[in-house]
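Both chains are sitting in their own frames, so use the hints and assemble them into the complex.
Those protein sequence lines, which keep their order, are chains A and B. By numbering that gives the first Met the number 0, the letter at position 209 of the first sequence is numbered 208, and the numbering carries on one by one without gaps. By numbering that gives the first Met the number 0, the letter at position 220 of the second sequence is numbered 219, and the numbering carries on one by one without gaps.
Note that these hints are calculated values from the structure, not bench results. Hints may be right or wrong, so weigh each one.
To be verified - As a list, the in silico SDA-like pairs of lysine to any residue whose alpha-carbon atoms are at most 20 Å apart:
#	chain 1	residue 1	chain 2	residue 2
1	A	K84	B	I204
2	A	K84	B	R201
3	A	K25	A	S43
4	A	K84	B	D198
5	A	K163	B	I204
6	A	K84	A	S43
7	A	K84	B	L79
8	A	K84	B	A116
9	A	K219	A	A247
10	A	K84	B	A80
As the list claims (entries may be wrong) - Anything over 12 Å on all C-beta distances counts as not near chain B; from chain A, calculated:
#	residue
11	V22
12	G26
13	F29
14	Q87
15	P110
16	G133
17	P134
18	A153
19	R193
As the list claims (entries may be wrong) - Which residues of chain A face chain B? A partial, calculated answer using Cβ under 7 Å:
#	residue
20	R83
21	H85
22	F90
23	L97
24	H98
25	I113
26	Q135
All residues carry an ideal CB built from backbone N, CA and C; glycine is no exception.
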Amino acid sequence: MNKNPSSGMIEVQDLSVRYGDFVAVKGVSFSVAAGETFGLVGESGSGKSTILQALAGLADDWSGSMSVDGLALVAGARRSLAFRKHLQMVFQDPYGSLHPHQTVDQILSSPARIHGFGSIDRRIAEVMEAVGLGPQFRFRLPHQLSGGQRQRVAIARALIVEPKVLLLDEPTSALDASVQAEILNLLVTLRHERGLTYLLVTHDLSVVAYLCDRLAVMEKGSFVETQPIEALETGAFDQDYTRRLFAAAAR
Amino acid sequence: MSLSSPLPPRRGLRAWLTSDTPASRFQARLGRYYATWRALSSNPLTLLGLAILLALVLVAAFAPWLAPFAPNDQDLANRLAPMGGLHPLGTDQLGRDILSRLLYGSRVTLAIIVLVAVISAPIGLAVGTIAGYFGGWVAAVLMRVTDIFMAFPRLILALAFVAVLGPGIDNAVIAIAITAWPPYARIARAETLTFRNADFVRASIVEGAGHWRILMTQIVPLCLGSMIVRVTLDMAGVILIAAGLGFLGLGAQPPTAEWGAMISTGRDYMLDQWWVAAMPGIAILLVSLAFNLLGDGLRDALDPRKRRS
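Chain B with its partners taken away, still in its complex shape (with noise of 0.2 Å):
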């Protein structure tokens, strides 16, 4: 191999994405993609907590397929089997097989993760950037109910409302999400207060852009990024709420299989049967951390500040 030899253009997918004159808005914004892909990827501990992440989303998919039992099957004769044998993972109080109902229980988490998310999310996105964008009055009034939902303990305030709305998950998600949201809302409103003036706005503006419009194609996005960190890195304290929840008896009722539900009943069984409450407990440290690692991240692949300008 002669080193003289003049080096090849780059050629196939790879090239195509990362081509700096991307030839139309398809190829651009998959490039874009590609590229916070590759910023994502190179951490191998964000890798793992995509993968665990993508697990519990193919358990709560096949559970029905992968559970060797019904969730809420009971052979009584058979009750705290320990680990091994017919019963992977052992049986609860009632003979029901651990491992049915942990996978069973992870579409309950992520049914509640979902929905904080696509509630929460929003409501603080909206509230802090038309906070921020506005300011005056506007802001004022936004911040101050933000404040006042900010001042109460996040379990307790959740507790509160599921008190008042009655016991359940529909509940719970409702009151994981109304105390969800003040956090998100104070940093949309700081990251908005720092573009609000910024010369691309102002050019907006002098291109007639309505206040809608500058909103959601200016402000909006620069403030995703974050957002999407934050509330990825929220995840796992949802998830332990959820599940705090559940052990008190106020979110999940049984006999649904839900993860704080599992522990809460195992608790009884804690030094003779360990796992009865152990496997749900692992089960949430790992979903949580999970979230943690993959939050961390993305903070490096999207954080603005992190990021070349």
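If we strip away everything but chain A, and leave its shape as in the complex, we get (with noise of 0.2 Å):
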């Protein structure tokens, strides 16, 4: 693994994905920069998610190049310790992403014992502190815990082993409404303060202009256009797919 310390966070190089004989992702190259965060949007089906897979290493038939904070990667092998480390995931179902006969502690306790952190008592207790989660739920099982909750559960989870890099998997969208926002101003907040990168897919356009900074709008497995967020105000955009998408989203 080469240190290419010149290039963004995420550095992904005309990726394709397979699922058998289906390509999910076609030659798909964007760039995140460190701190920044970077938005797919698509219908359903059109391969956003798969990306996070293929960084997550979720799908294995992959071509290109990906590199996440200068390590590359490499199709097939296993990701290091390191790498696992530097990249996280939050899942878009809460309720089927926390092991169902694990309490809240155990469930955070494992990724530190993994990566080999000390002190993990105190450790566990500051990541719930971080995503607002008081000491009380600490040894509740995922079934006595609400939507929110749980989903805090699973941000702490990815943040215990302090991560420079989050991936969002439609984090918000099997939330209600207000618990949408609550889950949203977290992730700004620890955006913040731990300096994360976000590369987020979603298909609800006010969670994008609320977190991303650039957004690219996915169609059939490829990249229609890849726009600042201002785009999404002032309707500047180059293709007609994501006019049509837009229209239909405002109304």
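Right, dumping it as structure tokens:
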């Protein structure tokens, strides 16, 4: 793995991802600077989540080149722990992403132990405070928590190893509207406090507008266009597809 | 007593156990055990099964103190004595006290049950979860071996193993254990397949957990519930197979007191001295029934499909 200090936090060049014979992502390239939030927008099945899967090591059959914080990834090879530590992920459905038989304490201590952190007790208390979970939740099981609280646990689990990059796969779409706002605020605060880089997948344009610096629009596995966030207000899009997408969302 | 007086806050052990804000790992764990126990004890039949099995354990532990006679003491002047008097359950063809032999026989039965469970359940769990988790050729090899074992009727296969290994309790246990694990492997594999692509497993991968850690911390705990239920329900069958092997002379060897062997010898006197065969038969029936009752109750309490998520 070569360190290349001049590149962005996330560098993706000509990425294609396959599921069997189906090509879910076709030759996508983008770069995300450190501290930036980059949004991937598109309809269901446009391949936006697949890019996250490939980065997180959950979809192995990919080609092209990807690097995170200068660490290049090799297709099919096992990710190193050092890489895992840099990049963590928050899943869409907090009802499915927490083990049903594990307490919050167990869920949070597992990554800390894997990455060899010391004083795990204190670390868990700190990260729970950081995501706004009181100490009374520490030994509860997921079914004793609300959706928003579960998603806070999921965020805490990602944060406890002190990553630089957080992959967010529709982090609020499974939540109530009022809870969505809380989680979005939390994500903004955490990015500010910890200097995180976010790669966000969503179909909700208001989430993009609130969180992102730039966005890319995807259709059928390819990027249609990439624009700074201001384009959402001015409507300065180059492609018809994008204009139709935003017209549909505005209605 | 005025109705307007505020309710006092709940206190005491129960409140501590059912608290939804446990203050320590210890309290959280005990609370979960307590919840399972509450679910289990709400069914009187389950409690009956549990009581019978508890009695079996106690009887096995204290057999020398409970039994009025030594199990192998012969009294040929007093053979085939009817029930009542000095011998509450009568004597067998060699004048041995049937009650004492039943009490000592519970040790053999309990030993067989425990050994079979300890050997076959982990094998089935390991084969099933590994096959389900890794898939591909690993699953193909493991599950075809499982299929081969399942293709034979259980008692026949056990008979064949005992015939090869030689009769005796140890070999009977090995034979039963070898024939008992394949269904567990199938169940564990089926359950693993439903979890292996769950988000919490993928989250574990992203955390950096290795295969071994994912299997042990994510998959196995979810398969344990139905495994315990299935093993418990199977124990009745295991007792019957052990008794069957004993009956055929391939299990415990004389003069060891074993329930199946006792029925086997009692068969010759079935018409005139029915108690010789009937008493161990009742003992087998009771213990098998107890395991079924407990298994049903455990299924209601532990089965993930019936549990609130």
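Quick rundown of the hints versus the structure:
Restraint check for A/K84 and B/I204: satisfied, since their Cα atoms lie roughly 12 Å apart, inside the 20 Å limit. For the proposed pair A/K84 and B/R201, the alpha carbon gap of about 15 Å is at most 20 Å, so the pair holds. Between A/K25 and A/S43, the direct Cα distance comes to roughly 16 Å. Compliance with the 20 Å bound is thereby established for this hinted pair. Restraint check for A/K84 and B/D198: satisfied, since their Cα atoms lie roughly 19 Å apart, inside the 20 Å limit.
Taking the CA atoms of A/K163 and B/I204, the gap is near 18 Å; set against the 20 Å cutoff, the hint holds. For a cut-off of 20 Å, the pair hint linking A/K84 to A/S43 is broken: about 29 Å separates their Cα positions. Between A/K84 and B/L79 the CA atoms are separated by roughly 77 Å; this puts the pair beyond 20 Å, and the hint is violated. Annotation: proposed proximity of A/K84 to B/A116 is violated, straight-line Cα distance about 41 Å (limit 20 Å).
For a cut-off of 20 Å, the pair hint linking A/K219 to A/A247 stands: about 18 Å separates their Cα positions. Restraint check for A/K84 and B/A80: not satisfied, since their Cα atoms lie roughly 78 Å apart, outside the 20 Å limit. The claim that A/V22 lies off the interface holds: its Cβ sits roughly 21 Å from the closest Cβ of chain B, which is beyond the 12 Å cut-off. With 12 Å as the threshold on Cβ separation, the claim that A/G26 sits away from chain B holds: the shortest Cβ distance comes to roughly 25 Å.
Against chain B, the non-interface label of A/F29 holds: every CB pair exceeds 12 Å, the least being about 21 Å. Against the 12 Å criterion, A/Q87 falls within the reach of chain B, whose nearest CB is about 6 Å from its own CB. Its beta-carbon lying about 4 Å from the closest one in chain B, A/P110 breaks the requirement of being farther than 12 Å from that chain. Once the 12 Å rule is applied to beta carbons, A/G133 is inconsistent with being away from chain B; the minimum gap is 9 Å.
Against chain B, the non-interface label of A/P134 is violated: not every CB pair exceeds 12 Å, the least being about 8 Å. For A/A153, the requirement that its beta carbon stay farther than 12 Å from each beta carbon of chain B is not met, with the minimum near 8 Å. Interface exclusion of A/R193 from chain B stands, the closest Cβ pair being 18 Å apart, more than 12 Å. Of the supplied interface hints, the one on A/R83 holds, with its beta-carbon coming within about 4 Å of a beta-carbon of chain B, less than 7 Å.
Hint on A/H85 is violated. Least Cβ distance to chain B is approximately 11 Å, over the 7 Å limit. At about 5 Å, the closest approach between the beta carbon of A/F90 and any beta carbon in chain B falls short of 7 Å, and the interface hint on this residue holds. With its C-beta approaching chain B no nearer than about 6 Å, A/L97 sits inside the 7 Å limit, and its interface hint holds. Here the hint on A/H98 is kept, as its CB sits about 4 Å from the closest CB of chain B, short of 7 Å.
Satisfaction of the interface hint for A/I113 is found here, the shortest Cβ-Cβ separation to chain B being roughly 5 Å, below the 7 Å cut-off. At a threshold of 7 Å, the smallest CB-CB gap from A/Q135 to chain B is about 4 Å, leaving the interface hint in force.
Of the numbered hints given earlier, the model fails hints 6, 7, 8, 10, 14, 15, 16, 17, 18 and 21; all others are met.
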